[in-house]
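Assemble the whole structure, with the sequences as input and the hints as a guide.
Residue numbers for the sequence shown follow numbering that gives the first Met the number 0, so the first one is 0 and each next one is one higher.
There's no promise every hint is true.
The calculated lysine-lysine pairs, modelled on BS3-like cross-linking and capped at a C-alpha distance of 30 Å, are [what the hints assert, rightly or not]:
{"id": "1", "residue 1": "K169", "residue 2": "K232"}
{"id": "2", "residue 1": "K143", "residue 2": "K169"}
{"id": "3", "residue 1": "K185", "residue 2": "K232"}
{"id": "4", "residue 1": "K196", "residue 2": "K143"}
{"id": "5", "residue 1": "K575", "residue 2": "K297"}
{"id": "6", "residue 1": "K159", "residue 2": "K184"}
{"id": "7", "residue 1": "K319", "residue 2": "K309"}
{"id": "8", "residue 1": "K73", "residue 2": "K185"}
{"id": "9", "residue 1": "K309", "residue 2": "K358"}
{"id": "10", "residue 1": "K196", "residue 2": "K297"}
{"id": "11", "residue 1": "K73", "residue 2": "K114"}
{"id": "12", "residue 1": "K575", "residue 2": "K185"}
{"id": "13", "residue 1": "K159", "residue 2": "K232"}
{"id": "14", "residue 1": "K297", "residue 2": "K382"}
For the record, the hints were derived by calculation from the structure and aren't laboratory data.
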Amino acid sequence: MKRILTITTLCLQACYSHAQLPQTFTIAGPDKQLQVKISATKQQQWQYAIQYNGQPVLAPSALGLMRTDGDFSKGLTLEDTAASIIANHYVLRTGKRRECNYMANELTLHLRNAKQQPMDIIFRVSDNGVAFRYFFPDHDTAVKSITAETTSFHFNNTAKAWLQPMSDAKTGWEQVNPCYEEYYKKEIAVGAPSPTKSGWVFPALFRAGNVWALISEAAVDGSYCASRLNNAKGTAYTIGFPGPQEVFPGGGYLPQSRLPWHTPWRIIAVGPLAAIAASTLGTDLAPPAVKGSFDFVKPGKAAWSWALLKDNSVTYATQKRFIDYAAGMRWEYCLIDVDWDTRIGYDSIQLLVSAARQKNVGVWLWYNSAGSWNTTPYHPRSKLLTHAAREQEFSRLQKTGVAGVKIDFFGGDGQSMIQYYQEILQDAAAHHLMVNFHGATLPRGWQRTYPNLVTAEAIKGFEYITFAQENANEEPAHCAMLPFTRNAFDPMDFTPMCLYKIPGIQRVTTAAFELALPVIFLSGVQHLAETPEGMAHMPPFIKAFLSTLPAAWDDVRFIDGYPGRYVVLARKAGRKWYVAGINAGAPRAITLRPADFGGRRCTLFTGAGGDEYFTQREYNGNGTTEIKMGTNDGFVAVVEE
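So, in structure tokens, the structure goes:
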């Protein structure tokens, strides 16, 4: 009842004259712990500040933006306000939870700038999340462009940050950057500069006292660019836009649209670390699924030769062997990677797809997205650049019976490139093709809007471990970062799990650490790096576990962890909970109480010494189980209700 009374009071303010309207508002989440104070300065610059349970999280931070035809950053007069309660329920095919519920209080400020042009600022506050966006309500067929946002996130100078540098455009191998493939800088001082001129990627993690905040964005469509954080001025980060190199050939990089026009949501998950790890804010604010049937979208696990065997494995004989491997492991898919069009050929791909179908295995095929924006040599290349070309290629794949496409080497975050991503998703859905974006941007909740997007890379994944020992050495801390950052809201194709050996590389993690990764990491299609030869060294109970490992989850619980050091999560599928932990630091012990998960029986998989890779132990649901994780070690426990 208190919540209803608060919103009614805000609505009544719309009846006042402009002079009588207050210049300060407070909007709280349903449980009142999270509060946002919105206010105007003497120059009519609007700003917001965030508190959680009485503790400051963000100091007053700027709102507003610049449009080519008007300044919406200052001189903004409040006309009136409107408030409402938001209640949404939705279902995800791949994510932390199958069924998600979003409850928030909404407040809209109706403003006009000095030229009397209208703009709304819309705030939504849930129990553990703040979101806001801008809206231009006018109707105008002339295309408008936004040149900059003044939106900022102002932290206290005692806060700490976990941030990934944004790689500069046209750098890296064959000019493929930016593709979100850098290591997170861990627990650095707020305001520390990025080693690149392009700032920091989303999601960006911060700790203010004992409160955590994870910043990202959602509802980025083809009218906008994907954003990032600029290097801070003092301890205030501002929204950054991509540069003019990050475009589809002939397209633009800045946001542009006719009116009316909504900008993306700026989202901030706030609360204890458990709330960050369990948050679905990134999909809560994404648009609902586009119209159409997505019954063809089926999460699964995939065999994949390229992870360890590289280019020379893309042959008919090897792919036939990996299809048989997937069938023997009861995995749903096999991915055939680069240059398959010449190394195998379309006609032989048809034979492989038909043979795989008889074994209940679907086939995915790799594509190079690129036009002229990089120099990558892999192919098929440039077959997806136009709607007509996609129609021709996707029609052929649909007739062949291909399940999905892995599309690599995109050209950045400019508005026209974002439009290209979404046009691919739309055309692929029309031909019942699932999609995996690689060398790509962060999905930003697209998996809700386009359910055929089942995963995306946007991470320094397992392939880098096979390239250099220094990446293998970094793997434990890197993996312990990702549930709190990159994989917090969006599916991530890390391509995990090498249980045996990596050619030319000394793996520093235990096999038990590797076994935990497909549970800890979320991906609609989990491409598992292990080969048939490596799997042959594993005990039968590990093969049985991997044969029945779920590919989609009903729920999640955070048990313990700290970014970059260790993490223990529990994921539910049906009547079983899968509890997994990885540890990058000093040895530690975790206490597991199966009864907390309604468990009657618990099966624990841990490492073993000597020539053995795993130990399996059985427990009943009574009492507690102490699980010890060594350095770079892990475990998996299956608790049955």
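How the hints compare with the structure:
At roughly 26 Å between alpha-carbon atoms, K169 and K232 fall within 30 Å of each other, so this suggested pair holds. With a CA separation close to 28 Å, the supplied pair K143 and K169 stays within the 30 Å bound. Only pairs whose Cα atoms come within 30 Å are accepted, and K185 paired with K232 is accepted, the gap being roughly 20 Å. For the hint pairing K196 with K143, the CA-to-CA distance comes to about 28 Å; that is within 30 Å, so the pair holds.
Of the supplied pair hints, the one linking K575 and K297 holds, its CA atoms being roughly 20 Å apart against a limit of 30 Å. Between K159 and K184 the CA atoms are separated by roughly 11 Å; this keeps the pair inside 30 Å, and the hint holds. Between K319 and K309 the alpha-carbon distance is near 16 Å, which keeps this suggested pair within the 30 Å criterion. A C-alpha spacing of about 35 Å is found between K73 and K185, which places the hinted pair above 30 Å, so the restraint is violated.
The straight-line distance between the Cα atoms of K309 and K358 is roughly 25 Å, inside the 30 Å bound, and the hint therefore holds. Among the hinted pairs, K196 with K297 is inconsistent with the structure: their alpha-carbon atoms are about 40 Å apart, more than 30 Å. Restraint check: the Cα-Cα separation between K73 and K114 comes to about 11 Å, which is no more than 30 Å; the hinted pair holds. Between K575 and K185 the alpha-carbon distance is near 34 Å, which puts this suggested pair outside the 30 Å criterion.
Straight-line distance between C-alpha atoms of K159 and K232 comes to about 15 Å, which keeps the hinted pair within the 30 Å bound. Between K297 and K382 the CA atoms are separated by roughly 25 Å; this keeps the pair inside 30 Å, and the hint holds.
Going down the numbered hints, you'll see the structure goes against 8, 10 and 12, while the others check out.
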